[in-house]
Amino acid sequence: MLLIYCPYCEEERSELEFRQAGDAHIARPTNMTEMTDEDFEAFFFLRDNVKGLTFERWRHLNGCGRFFNAARDTVSDKFLTTYKAGLPRPDLSTLRPATEATVETYEATESNAK
Amino acid sequence: MSGANRIPGAGRLTPAKTARFFFDGKSFAALEGDTVASVLLANGVHLVGRSFKYHRPRGIVSAGAEEPNALIGVERDAARKQPNVRATVQDVFDGMKVISQNRWPSLAFDVGAVNNLLAPFFAAGFYYKTFMWPKQAWKHVYEPQIRAAAGLGVSPTEDDTDHYSSRYAHCDVLVIGAGVAGLSAALAAAKTGARVIICDEQPEVGGALHYDKSVTIDGQDGYAWAQATAANLAKMDNVTVLPRTTAFGYYAQNFVGLNERVTEHLAKPDKKLPRERLWQVRAKRVIIATGAIERHMVFANNDRPGIMLASAARTFLNHFGVAVGKKVGVYTANDSAYEAAFDLKRAGITIAAIVDSREQPGEAVLAEARSLGIDVLAGHAVVDTGGKLRVSSMSVARNGGGGARKIAIDALLMSAGWTPSVHMFSQSRGKVAYDAETQRFLPGTYAQDCLSVGACNGTNDLQATIEESLAAGELMSNASGFTASQKLALQGANAFAWTGGMAGAAEGAGPDTTVKAFIDFQNDVCAKDIRLAVREGMHSIEHIKRFTTNGMATDQGKLSNIHGLAIAAETLGREIPKVGLTTFRAPYTPVTFGTLINHSRGELFDPTRKTPMHALEEAQGAVFEDVGQWKRAWYYPRAGEDMHQAVNRECKTVRDVAGIFDASTLGKIEVVGPDAAEFLNLIYTNSWDTLKPGRCRYGIMLREDGFVYDDGVVGRMAEDRFHVTTTTGGAARVMNHMEDYLQTEFPHLNVWLTSATEQWAVIAVQGPKAREIIEPLVEGIDLSNEAFPHMSVREGKVCGVPTRLFRMSFTGETGFEVNVPADFGPAVWAAISERTEALGGCAYGTEAMHILRAEKGYIIVGQDTDGTVTPDDASLGWAVGKKKADFVGIRGLRRPDLVADGRKQLVGLLTKDPAVVLEEGAQIVANPNQPLPMTMIGHVTSAYWSENCGRSIALALVAGGKAKIGQTLYVPMPDKTIAVEVSDMVFFDKEGGRING
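One line per chain: the protein sequences are A and B, in this order.
Under the working numbering, the final residue of the first sequence carries the number 114; numbering is consecutive throughout.
Under the working numbering, the final residue of the second sequence carries the number 1997; numbering is consecutive throughout.
Chain A on its own, in the form it takes in the complex (with noise of 0.2 angstroms):
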């Protein structure tokens, strides 16, 4: 079970308090209506399914309530920053790599199964 750093409450709490919200940084538009169809499919279905760092948005549901952002490997699973939402995504290079070494996950093993 992983700890997951609140930014508001700015504690480290369970990842039972937590749960995901999808991608983060992704705006909602603010002219709608005039938007093309190419641009509402990238902006309401499009998305990259990253493997390895993401920016995605948390909610402290049983907790403070309060939806914030995240950066996290999806390889590892650890998260490397919290921050509020409305927060521009961090310069990462100031924060440490993403993983030391490349985690073996199951479906690695598997490609590499010739």
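Keep in mind the hints are simulated off the structure, nothing from the lab.
It cannot be assumed that every hint is accurate.
Heads up, simulated DSBU-like pairs for lysine-lysine below, C-alpha to C-alpha not over 30 angstroms straight-line [what the hints assert, rightly or not]: (1) B:Lys1652 with B:Lys1431; (2) B:Lys1284 with A:Lys78; (3) B:Lys1431 with A:Lys84; (4) B:Lys1652 with B:Lys1912; (5) A:Lys51 with B:Lys1284; (6) B:Lys1578 with A:Lys78; (7) B:Lys1578 with A:Lys51.
Got chain A; can you put chain B on it based on the hints?
Showing chain B alone in chain A's frame:
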């Protein structure tokens, strides 16, 4: 003496304390502290089970958690039966009943053993290849037959009467394993003042000291030092010592699951004590001191009862005082087995010979063997064994062939070397590294804040282990912010340093394809099976594992993994690390479901939500249905009524007189603030600026993709205050949806959201006499149609308590919804109920509510919509504000497919035969005579018998439905095809006058 094979003076058990237990009905005397395995061996019983696939006789292989063979059933009573318990870790208690498994009719004579004779047909992958045809037969013939024949223990049929507990714990340093390494590390950590938890799976601490009698620490006997150290640690306030506690899973961020067996070893456990306790430990640092597991030798017929690990024989002798045989052979590839022979020899047991596959055994052990007069056959192999239900001979030949000679024995000890237990390290997602010189996988790259010490770290030497562990204990405490006032030092000594070891098949275990040289005892996997898997094209260890099932039994290949890997590597002509090691998974050893489920069963499995009026409704005879976590009154049968009759009466009564309904489960959200109306404008399709305080409006909420998400009536209590209602099931997600937009998309709006679902009890009073029912109970509100029209809300008092009184209707009748603070709900319900019944009305449940709303064509989001329905599809286009610049879903609604012709639209259906009630979910076609597969153009979403209409009614989603009104469509059912006419959605009071009564 309890058992003929107890050696007087040997072992650490106290002969004064005895217990009796039963194995397959036969009574045995045991000593306190005995395991089932040690008592059976004390009585000369080696045969304890039958193997999984070939039903070969099997005996006790180990003395610990790695045991693959000796799986037994343990019974306390009818409800408390535990299958697949390892006899080597189960303590004996007085009166315990143990049964052997996987045999019929008896252990000594097992019909299933015919599988052994048929073995040529049961090659690896046999099931995959054989039971392919005919296709249907797998499900109906092969699988049930195979399942009946296979399987090990039998699970109990009664509910578990034991209880289990759960505990969360935090510490600075968690030490897994309490052998020399773990105890040294814990000691060093504890002295710094750090909070320490140390756990060990065995009843006593000591680990390898159980068998290695030669160890002394600071001049004291090793085992005695371990017990004294643990006792001293337990006295410290900052230390928790947990014996009988297995660390079974290592999860993210040093979160480790421990399973403490609290009463498994007690004859009459205190009922207050849990059977097992689940510890969920969050440790700042973890020290892994899990030791190493001895591997068996892989040779022909190495599975006969009486053939066991050398260290196991040492444990049985030195700890339990039991000699595993009278004339014992040893087959080894490393020095450690010699010490077993020495210990047995000194206890007066005959050692037939030590067969060593190496040409040059370690010099020290060789010299000791000579001085004890033990025959050592270096450069030799055991190429076969004899004996039926117990080993009786070993055939020994010089390496590379030559005439084998048979040596009579009654037990054979084996050791191919030691496999470091990297399970916990690997579970922590650390990456193991292969050490070619010692043929071992050792901790390589760490992924979490932990450190491995001792044998699991590849450290063999005793003093090196002690120093490494003391240093680790101090280092990990320092990292948690604690420092030692003085350096600890311990001096360890033992008899021999061990050399040697091998992985893979020994001489005589191939390459031919008929020899049964077992690598995985529990799943009956032989060396030949691995070779077959490689020949058949499996080149990854992951594939080989699945094809042969090597390591997939409940012991997870603790003995077999390295052997399987080595044989695969040899067959492939590749190096071991190139073939790869399968990933270790939790749990380390099996954990009972009871421990994992813990308190979450029965009534505590899921919360049950009851409305404030639940008890009164129960007293009124309500039958309840589950709606999510809620219990809702479904219908109120009277004497002699079935559900159908009760529901018909309730529906009729509401329209003829009036009814009272508990609507408390509706989601309620208080939306407050200067920007409340603007916020609702963005969340709902409707316009809220124009809604005056004291008025209500039906609102529709979309997702951004334009599909209906929820609906409900919203009342404006004041300029800056709205009382929002949601569907029962949607309450939580609508609140989340609103919070999400408020916090992240519209943070500039000054609005506060509060969930008020459980703050209000809601009593709906519906029907022509609704006003007459509540009138005498209400104070301060003019209930006249003119002063208080449909879709209004007023604040006042009912029965003397504050109320938000809504004039609204989900039945099409004149209706009120009385909201009172939840605590007043029962009193107000009782008062209104009394009035209702006095005037000839009745209470009605959710079933009648569903029918009454369907008669009026009111939809239920989630029943008549499914996440692909737009407001227009549901004939609710009027609720979408045409002039609004923005709301959630405004762009989605304009997507080409959402405005295209031919969308599925909600319509009414009238069966040609009015008595026929359609089935909800049934498919609709235009032409019932078309060839299969038919083109389905929609489905029934709601269907009921309507007593008020005197016929069946239904709602359905039909492609281009509104244009099909008046047409005949068909609902094909398995036994008949039902003709229906498409209609509008309102079946009762089409003019809608009753609502304004």
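Cross-check of the supplied hints:
| no. | hint | result |
| --- | --- | --- |
| 1 | B:Lys1652 with B:Lys1431 | violated (71 angstroms) |
| 2 | B:Lys1284 with A:Lys78 | holds (16 angstroms) |
| 3 | B:Lys1431 with A:Lys84 | violated (34 angstroms) |
| 4 | B:Lys1652 with B:Lys1912 | holds (23 angstroms) |
| 5 | A:Lys51 with B:Lys1284 | holds (28 angstroms) |
| 6 | B:Lys1578 with A:Lys78 | holds (28 angstroms) |
| 7 | B:Lys1578 with A:Lys51 | holds (25 angstroms) |
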